[in-house]
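K.L.:
Here the structure of chain A is known, so what remains is to put chain B in place on it, guided by the hints.
Next come the chains, spelled out residue by residue.
Number of protein chains: 2
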Amino acid sequence: MREVFHQSLEDVQARLVEIAELVTVAIDKATQAFGASDVGLAEEVIEADDVIDDKAVALDELAIEILARQQPVARDLRIVVSALRMSASLERMGDIAEHIAQLTRMRFPDRAIPKGLKSTFLKMGRLDVEAARQLTELLRTQDGDLIEAIRSADDELDDLHVAVFEKVLSDSWQGEAAATVDATLASRYHERFGDHAVSVAKKVAYLSTGDWTPSTDAIEIIAKD
Amino acid sequence: MREVFHQSLEDVQARLVEIAELVTVAIDKATQAFGASDVGLAEEVIEADDVIDDKAVALDELAIEILARQQPVARDLRIVVSALRMSASLERMGDIAEHIAQLTRMRFPDRAIPKGLKSTFLKMGRLDVEAARQLTELLRTQDGDLIEAIRSADDELDDLHVAVFEKVLSDSWQGEAAATVDATLASRYHERFGDHAVSVAKKVAYLSTGDWTPSTDAIEIIAKD
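Just so you know, the protein sequences line up as chains A and B, in that order.
So for the first sequence, UniProt numbering puts the first residue at 1; every next one is plus one.
So for the second sequence, UniProt numbering puts the first residue at 1; every next one is plus one.
Bear in mind the hints are in silico, worked out from the structure with no lab data behind them.
There are no misleading hints in this set.
Covered by chain B, according to a simulated footprint, are these stretches of chain A (three or more residues, beta-carbon under 8 Å): (1) 59–68; (2) 71–84; (3) 162–176; (4) 179–185.
Dumping the calculated BS3-like pairs for lysine-lysine here, alpha-carbon to alpha-carbon at most 27 Å: (5) B:K115 <-> A:K115; (6) B:K167 <-> A:K167; (7) B:K202 <-> B:K55; (8) A:K123 <-> A:K202; (9) B:K167 <-> A:K115; (10) A:K55 <-> B:K202; (11) A:K167 <-> A:K118; (12) A:K167 <-> A:K123; (13) B:K167 <-> B:K118; (14) A:K55 <-> A:K202; (15) A:K115 <-> A:K167; (16) B:K115 <-> B:K167; (17) B:K55 <-> A:K202; (18) A:K167 <-> B:K115; (19) B:K123 <-> B:K202; (20) B:K123 <-> B:K167.
For each residue, glycine too, the CB sits at the ideal point set by N, CA and C.
Isolated chain A, as found in the complex (with noise of 0.2 Å):
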């Protein structure tokens, strides 16, 4: 039984790094559009999140039907648990690459990117890249030294997030009302992203070391809307 069960973790974790990876895409080529005003790439982007969503359902029932069959307890119980809530996070990350390529979409043939923005916004698109990169590599090798730099590229994020406010509540802001929206809800996104990020991440950390910590899970759970 324990044989069996290990063999469908196996899957579960095969499922998340699969997602993972094309999130990892998702949100390439999302930064990518955004960067370049690249409409095309946007639209590959916008059409590519119903995969995702699918298997994220997918691992969903997956995990539904190891808790009937299996019927684990303690912490086996958990991961499976963990695993669902993994897998609604990586439909968020997926869901947000859909919002930058939608922002992408909505402005062209005009820039996405505000004026005075741009070096700004692209290095929270790398950062976001980085991040997604790094945690499908710890979603496969559980490597504990990937949590602590997905941790710092989304404390780079952060940083980046409150320079854009800084930016467009400062005097030298010449940017009309539909810039600073933009700039508003890309910053938000990007920022967020890194968030979900280190949400996974944590989740992987009590995977491997068994380290439960319900009210913090809660609290990274929350704190992303």
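P.N.:
Frame of chain A; chain B shown alone:
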């Protein structure tokens, strides 16, 4: 065993109702504080959010304990998994109330509602509170008519959200960048509170009908980020 399980489910339901009641108080105070620039009331909401978080964590722990001890299968299992998801959504609704309160505190002593949008945001606030009250009642009574009422409040919120952007992007908009940022964030918070209410309501519909539609459910989950 069924008897024990049904007692456990009643406990889960009672806790969901209790959290929904706290969320209703939070959004009521938060939207009042936002409308009246009442920083004291805003502080109350910000402080009270920890209670909602703790109760949601306790509910998650109870759900996991039910899975471990009673090993539900089939529909019973899906009900418990669904409760975990409802608790996460209610937590997020409480967090959105806190975000609205934080906007109020951030702008104090200035008014948090940008000029020209007061009546729109007061309407959005009333709709959020209405949706929260209806959701609490739905969780208590499982009266299916309330699901439609919550959907229609959410539809109105979506229309008002669009109206806020139309206003902000119109030539008549005189707001400074700070007002545009506030309107963008506040409108998004108000609108998403309704989305979460619908998300929870759909799960209640499932609990009462047994009609499990994972893909809709998943789209519901990700559509909120």
